[in-house]
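Novice: Model the full assembly from the supplied sequences, consistent with the hints where possible.
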Amino acid sequence: MTFSGLPPIDSVAPPGHYCQESNELPREDRERRFISNYLLQRLPDGGWTTNVPLGPIPEEIVKRYGQVAGSRLFQPSRPRIDAVYPTESVYWLIEAKIREAKAAIGDLLVYRSLALKTLDLPGYTGQPFGMRLVVPWALEWIKEAATAHGMDLVVFLPAWVEDYVRLRQNYFTKEVREARDEKMRLRGIFGVE
1 MTFSGLPPID SVAPPGHYCQ ESNELPREDR ERRFISNYLL QRLPDGGWTT
51 NVPLGPIPEE IVKRYGQVAG SRLFQPSRPR IDAVYPTESV YWLIEAKIRE
101 AKAAIGDLLV YRSLALKTLD LPGYTGQPFG MRLVVPWALE WIKEAATAHG
151 MDLVVFLPAW VEDYVRLRQN YFTKEVREAR DEKMRLRGIF GVE
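Everything in the sequence shown is counted per the working numbering, starting at 1 for the first residue and increasing by one.
The hints are simulated quantities; they were obtained by calculation from the structure and are not laboratory data.
Just to be clear, a hint being listed does not mean it is correct.
Stated by the list, open to error - Here are the simulated DSS-like pairs of lysine-lysine, each with C-alpha atoms no more than 27 Å apart in a straight line:
(1) Lys117 x Lys63
(2) Lys97 x Lys117
(3) Lys143 x Lys102
(4) Lys102 x Lys117
Owing to the predicted nature of the structure, the values given are computational and were not obtained by experimental measurement.
Specialist: Structure follows, in structure tokens:
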């Protein structure tokens, strides 16, 4: 089944998710689109899982409900990593950030420690953990910090991210502020929220 008006394959998220072609997406949706684009373009054969909960499930919940039901019950309380990608030799923990690479380095370190205690990791068979940080650009200190923590740094810059960054750079300029104010004024006149 095909639908006209859907975005091209390089901007489509994994099944069940839809990424709009707009740069006016909430930050979380842009981040999901970014990791989805990376996975589809750089790991097109699949085998990865997105939005994976990490960390142990309290023992009393497992005893009461079992591992599978306990995992589902406790899932909202567990932090989620952008993606995991198991191979025969390495279990990759993948975190992607468009703007906050420093935070992603810290997140990956926490996620690795939580992964060691996670009993329900998809595809995990005892491989050592690898950490992969995906960013659209990397300043020298980000490269050094990632290397110092044993992370694989991948620079991945789709065209829509360049457009988004350009939009952000202009966001507070006088011309863009005035255009935004005029748009809000017209919305008020026409009763559009």
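Novice: Take the hints in turn and mark each one as holding or not.
Specialist: Going down the list of hints, with the structure as the test:
no., hint, result
1, Lys117 x Lys63, "holds, 17 Å"
2, Lys97 x Lys117, "holds, 24 Å"
3, Lys143 x Lys102, "holds, 10 Å"
4, Lys102 x Lys117, "holds, 24 Å"
Comparing the model with each earlier hint shows no violations; every hint is respected.
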